[in-house]
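Participant: Sequence:
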Amino acid sequence: MKTLLAIPMKAPARAKTRLAPAMDDSQRAQLAVRLFERTLAFFRRNWPDFDVVAVTDDATQIAPLAARHGAGVLLEVCEAGLSAAAGLALQHAWTGGYERLVIVPGDVPVWLRAEVRQMLSLSQRHGLTLAESHDGGTNFLALAPPQRFTFHYGPQSAALHTRSGLECGLSVARCQLPFLARDIDTAEDCLVLAHARRCRRGPRLSAFNGAPP
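Just so you know, we're using the UniProt record's numbering here: the sequence shown kicks off at 1 and counts up by one.
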């Protein structure tokens, strides 16, 4: 399945602002870059057949970094939020004839091949596949095939994306997986992640084909 993997990424200096009580500007920028590089390296190593692009308005740091990892760049005129970046990736996937678009954030601290394989397998059977974050956000989204869709990144985006998919007539698979549910936005996230690594639990899966939740 011809797949485009898109990683939206803002300039490191503007990233991770909610960590300000625990980290200074330089530390937050370094963390953002490190997480982004790990995400790039993970997918380039494990799914080398995917076309990978960073969606960013940062031509001075993020774009060259993506290129060093063999990824392409979709350059935004200005940073307009995650939903706008996802829309740009969707347009590129649509016009490029891709059979599947996968969108992941650059700040998932632990990537497991088994979790991603599960999501990719589901995306072969569902038009929209989502991995829900611990706070109701979306840490993995696949459209197969890429088609007209309204993105709702932000609070409770997993439920909003589910509703959008159902309104478009798509079958929707929505999961919450132990590590794909985690990202690093706050100091508390770091503590919860450490606990999750010690107490791994099985995934919860819901397949929605009827009325929105």
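It is possible that some hints are incorrect.
[What the hints assert, rightly or not] Here are the computed lysine to aspartate or glutamate pairs in the DMTMM-like style, where the Cα-Cα straight-line distance is at most 25 Å:
id	residue 1	residue 2
1	LYS2	GLU115
2	LYS2	GLU76
3	LYS2	ASP49
4	LYS2	GLU99
5	LYS2	ASP51
6	LYS2	GLU37
Please keep in mind that the hints were generated in silico from the structure rather than gathered at the bench.
Participant: For every hint, state whether the structure bears it out.
Facilitator: Evaluation of the provided hints:
Of the pairs offered as hints, the one joining LYS2 and GLU115 holds, with about 20 Å between alpha carbons and a cut-off of 25 Å not exceeded. With a C-alpha separation of about 24 Å, the suggested pair LYS2 and GLU76 falls inside the 25 Å cut-off, and the hint holds. Taking the CA atoms of LYS2 and ASP49, the gap is about 8 Å. The hint holds against a cut of 25 Å. The straight-line distance between the Cα atoms of LYS2 and GLU99 is roughly 5 Å, inside the 25 Å bound, and the hint therefore holds.
Distance restraint check for LYS2 and ASP51: the Cα-Cα separation of roughly 8 Å lies within the 25 Å cut-off, and the hinted pair is therefore satisfied. Under the criterion of a C-alpha separation no larger than 25 Å, the hint pairing LYS2 with GLU37 is consistent with the structure, at around 23 Å.
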